[in-house]
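Colleague: So you can see what is in the structure, the chains are spelled out below.
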Amino acid sequence: MIGYFLRRLVQSLLILLGVSIITFVLLYWLPADPVRQIAGRSATAQTVENIRQQLGLDQPLWVQYWRYLTGLVQGDLGRSYLQKTEVSTLIASRLPASLLLMAGAIFAELLLGLSMGIVAALRRSTTMDQSLMIVSFIGVSAPQFVVGLLLLYVFAVQLGWFPIGGYGTFSHLVLPSITLGILGSGWYSRMMRSSMIEVLRQDYVRTARAKGLTRLRVIFRHALPNAILPIIAMIGIDIGIFMGGIVVVESVFGWPGIGQLAWQAIQRVDIPIIMGVTLVSAIAIVIGNLLADLISLMVDPRIRTEL
Amino acid sequence: MANSVNIELTVALSAERGVIRQFARRKLALFGLFLVVFTVFSAVFAPYLTGFDPNDQMFDGLTLHGAPMPPGGQFMLGTDLLGRDLLTRILYGARTSLIIGVAANGLALLIGTIVGVTAGYFRGWVGSMLMRLTDLMMAFPALLLAICLAAIFQPSLWIVALVIAIVYWVQTARVLYAETASLAEREFIAAERTLGAGHMRILLKHILPHLMPTIIVWGTLGISTTVLLEATLSFLGVGVQPPTPSWGNIIFENQTYFQAAPWLVFFPGLAILTLALAFNLVGDALREILDPTQRGRD
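Chains A and B supply the protein sequences, listed in that same order.
Following our numbering, the numbering of the first sequence begins with 1 at its first residue and continues without gaps.
Following our numbering, the numbering of the second sequence begins with 1 at its first residue and continues without gaps.
Wrong hints could be hidden among the right ones.
Said to hold, decoys possible - Covered stretches of chain B (chain A as the covering partner; in silico rule of three or more C-beta atoms under 8 Å from a C-beta of chain A):
1. 133–141
2. 223–235
3. 255–263
4. 280–289
To be verified - Not the full set, but computed from the structure, chain B residues with beta-carbon under 7 Å of chain A:
5. L82
6. I114
7. A151
8. I152
9. G269
10. L273
11. A276
I should point out that these hints are in silico values taken from the structure, not numbers from a laboratory.
All values reported here derive from a predicted model rather than from experimental measurement.
We treat Cβ as the ideally placed atom computed from N, Cα and C, and that holds for glycine.
This is chain A alone, in the form it adopts within the complex:
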């Protein structure tokens, strides 16, 4: 078991190395010249050259990458071209907001998804079940930016229940969390439904019923905990989906997280920031996948014996 995780850990590090190489090469090929952006329109050819040398952008690709990598292992992500700040400082200042948003989204998707799935499973093959499954299809088919803008329009502009955008209080968190979580809630409700149906079919549920326990008690004490287990592991996988989603959701709601940081950096060709955010996202995704495996192992002893 420990051997398995050591192997996975080494594998993850190699994956991250690969991500850093690919991103670096891609950004190197960017047709927009970052030096032009930094120097401004009126800069002379000499100034442009000076800046290029200063940033080491006149060096061949592999020299630049090697310098980046040696910095990286020491925790140095380089400096932003335009803001002159350490990228690690920028990311560290933005990361809590994004993590908060993701936590909110996980809460929203579990709340919506699990309750829909449970109700659908208990009311199986009824109109209720069918309508809930249609709702879940709509959830997985709805583009996040449209959901975000419509939620803003209805609940912030028209009803005034929530602020139009920004960051700070709990009420700021509600709409962005729902927007980011709606996709996952669609998947979760479908998974929860089939998982619940599967569990309700098991012998121990029948035994519990036969023992004379009430229906509610059987559902909440015996069926539910077992039905939820396979779904918990999926939360790790969600992180990858969130990492893309936050770019959109943060830009719709003006949420000051790393999604917006990345999006602004892409528009201004601020390569060190783009690199940094991509790497941080990749690390988060890799950790998420590891967590998903770990949780599956803890939850399901059958997998453990296979290793």
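Following the hints, complete the assembly by docking chain B onto the known chain A.
Modeller: Just chain B now, kept in the frame of chain A:
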């Protein structure tokens, strides 16, 4: 020989009829199919369905104060910030969404099938190299990668399709890898090999036909994802560029004004949702019908 071909053909045909019959029994699947046909119809016959030009900035398309016209009257769904007819732009936008959805997804399916089948059939170092590549791709935040790529290339219709395919082939590859790997170990493949069949023959005549159900299901569900990805890229302004109408870039162009003119977000948004939903409904039904492990569940 001729006889066996005949039998195979009959089996294939009756299986196909079975699929169609089962499909026809599902109301939701039929509804999805209707929505797909409806969208394709709108896209193809767009010029005949509307009297306006999608890029015509009409003088009477704006109010006296220069604001977009609300839905109703001359312009059924209203006009956008530049006084263009919204319905017309949505109809022509259907072309963009369908072209990109089908092209990007087709390309992703092709790459995914080639990578997955090669890795699953040959195993060895080729296989593990290819699978490490998919691991690597899985660690990229797909949308972020797509945005970077789209920003690198000057976005055009085909570049956007290409970018989406590059970030989206991985899922298909992983699923097909697992299926091919288990197929390759079955007796009938070993028997073919003993009989002297070459790799190409085994792959095309024996492995691929068994993968078709999975490819069809993933191909259908995938269109829904690629349509959403295109819309998202265009919404961020790195997808299909105006004035070519796309459902995503209609919202991108008008979002600053959405509080006063919510129909400029609502109708194109509804169009995106409808198309993605349609392919999800059809794909899900096909999955339940074609995937034997799903059978007997409900």
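Colleague: None of the hints should be skipped; say for each whether it holds.
Modeller: Verification of the supplied hints:
1. 133–141: holds (count 6)
2. 223–235: With 5 residues closer than 8 Å to chain A, the segment 223–235 of chain B meets the three-residue bar; holds.
3. 255–263: Coverage by chain A holds here, the residue count being 4 at a Cβ distance below 8 Å.
4. 280–289: holds (count 3)
5. L82: Since chain A brings no Cβ nearer than about 19 Å to B/L82, farther than 7 Å, the hint is violated.
6. I114: Status violated, d = 20 Å.
7. A151: holds, 5 Å
8. I152: For B/I152, the interface hint holds, since the closest Cβ of chain A sits about 5 Å away, which is under 7 Å.
9. G269: Because about 3 Å separates B/G269 from the closest Cβ in chain A, which is inside the 7 Å limit, the hint holds.
10. L273: holds, 5 Å
11. A276: Result: holds, 4 Å to nearest chain A Cβ.
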